[in-house]
Amino acid sequence: MTFEPKIVGILCNWCSYTGADLAGTTRIKYAPNVRVVRVMCSGRVDPSFILKAFEEGADGVLVAGCHPGDCHYIDGNYKTLRRNVLLKRMLADYGIEPGRYRLEWVSASEGERWAQVVNSITEDVRKLGPASFRPPKHRLPVVDEKKAPATRTQNG
Amino acid sequence: MAKLKLAAYWAAGCGGCDTAILDIHEKVLDVAAVADILFWPIAVDGKVKDVEALADKELDVTLLNGAIRSDENEHMAHLLRKKSKVLVAFGSCAHMGGIPGLANMFTREGIFERVYLDSVSTPNPERTVPLTRSTVPEGELSLPTLFNKVRTLDQVEDVDYFMPGCPPAPAQIWSVLSLIASGRPLPPKGSVIGAENGTLCEGCKREKREKKIAAFKRFATSQPDPNQCFLEQGHLCMGLVTRAGCGHRCQSSGMGCRGCYGPPPGVLDQGAKAISAIASIVEASDEIEAERVFAGLPDVLRSLNRFGIPASLLGRSAR
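Protein chains in written order, with the numbering used here: chain R, 1 to 156; chain D, 1 to 319.
Derived by calculation from the structure, the hints in this document are not laboratory data.
Please note: incorrect hints may appear among the correct ones.
If the Cβ cut is set under 8 Å, some of the chain D residues that face chain R in the computed set are [stated by the list, open to error]:
| no. | residue |
| --- | --- |
| 1 | VAL129 |
| 2 | ALA272 |
| 3 | LYS273 |
| 4 | ALA279 |
| 5 | SER280 |
| 6 | VAL282 |
| 7 | SER285 |
| 8 | ALA290 |
| 9 | LEU314 |
Derived DSS-like pairs (lysine-lysine); straight-line CA-CA distance at most 25 Å [said to hold, decoys possible]:
| no. | chain 1 | residue 1 | chain 2 | residue 2 |
| --- | --- | --- | --- | --- |
| 10 | D | LYS5 | D | LYS27 |
| 11 | D | LYS211 | R | LYS88 |
| 12 | R | LYS88 | D | LYS212 |
| 13 | R | LYS88 | D | LYS217 |
| 14 | D | LYS3 | D | LYS57 |
| 15 | R | LYS88 | R | LYS52 |
| 16 | D | LYS5 | D | LYS189 |
| 17 | D | LYS85 | D | LYS57 |
| 18 | R | LYS6 | R | LYS52 |
It should be emphasised that the depicted structure is a prediction, and the values quoted were computed from it without experimental measurement.
Even glycine gets a Cβ: it sits at the ideal position worked out from N, Cα and C.
Just chain R, with the same shape it has in the complex (with noise of 0.2 Å):
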């Protein structure tokens, strides 16, 4: 069986996710690896969304946001773009080949361009393989009142 690459796409609601639909309704024909999640803003992606993606078993992920200037709540996407040099260093340092994970700037009227970003990180990940991380099942116990107890997971 040939591998097909899960990525996981997080777009922001004002231009990448309008940009995707443009896609759509201009019909053009893309890669229908990415599993897109709709956010009111790519500064709301908190870099443990990436980090969860990928301990859940994505091979790849996409953040999609404005370009900058163009941020629908003025300066949330140059808080991504600042996040995403950290993360980038973060993701090296977990072992995490570069070519998993992006940041792309993708506006509403991009669908073109939209479909070119997920052929591209479609096809670099597809070279790259399965995520060959697969981590323990577990977490840090994340006590809430509200919550049931942390419950003992194992690992070898």
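Following the hints, position chain D against chain R.
Quick look at chain D alone, frame taken from chain R:
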């Protein structure tokens, strides 16, 4: 009331947690008044076979510090769990992996090569490396086997409470011990005890103005203002993503927080949250500028997740 039966054990840690228990000073006599310490290798005489001879659940409380890095650590974790009513993951290593958890960025073989063979300060022409079994004229000797990855206590055994800190603050140790000794009801299983629920930043007395970081500075080469927020001065401080409860020991001695109390409730990954928070207050509007500012923060993962790599979302390096 019968006297409590206490035990404390040291797994993969530095011993600072045991010392922190002794740092409650003369109150340790009050502990001795209400509790019998049945097993505590660093302070009282006692052997593993004495623990094995105890009835199941005979110990009321065991404070286990250190991460789980060898088969010996794991064996003791299982044994003490079996013999204890309440098992406390004591200190950053048992809680989140701690400093030994930094080993999860490497492989066991890589670490052995570095430490015993490649290190320039270790001349080893015979290439002697420790073996788990070796024969000497007197018989066979054995050493514990190191695992490839370091785990938290919770990843190996069922833990009742987590007590963070590198090491836990003595005042917090005393408050927890006196709560247990009082016989009052304990918090729900799985709670973080001996700490607060907010972040360290909330209670920090340093003066806070607008946060804008134009360049990072190091504590070794630059003297921060004693009254102003460290981050505003470009000194890394993890207070905004770290659980309160330590009593601001580092801030009051002129050091930024390094995050040993772990993330506050609701945060999955302390390092990722630190990226989120710190990048938000950096002054840069394009990638080149951001690269220039962050050049002053050379080791991202190990600076921002210093005490918690085994407990982080990914837990270890994929390499």
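Hints and how they fare:
1. VAL129: 24 Å, violated
2. ALA272: 4 Å, holds
3. LYS273: 6 Å, holds
4. ALA279: Cβ of D/ALA279 sits 4 Å from chain R, so the hint holds.
5. SER280: 5 Å, holds
6. VAL282: With Cβ-Cβ at 5 Å, under 8 Å, it holds.
7. SER285: Where the cut-off is 8 Å and the nearest Cβ of chain R is about 6 Å from D/SER285, the hint holds.
8. ALA290: 5 Å, holds
9. LEU314: 5 Å, holds
10. D/LYS5 x D/LYS27: Holds, at about 17 Å.
11. D/LYS211 x R/LYS88: It holds: about 24 Å lies between the C-alpha atoms, which stays within 25 Å.
12. R/LYS88 x D/LYS212: 22 Å, holds
13. R/LYS88 x D/LYS217: The hint holds at about 21 Å.
14. D/LYS3 x D/LYS57: 15 Å, holds
15. R/LYS88 x R/LYS52: 15 Å, holds
16. D/LYS5 x D/LYS189: 19 Å, holds
17. D/LYS85 x D/LYS57: Distance of about 5 Å is within 25 Å: holds.
18. R/LYS6 x R/LYS52: 14 Å, holds
Comparing the model with each numbered hint stated earlier shows that hint 1 is the single one that does not hold.
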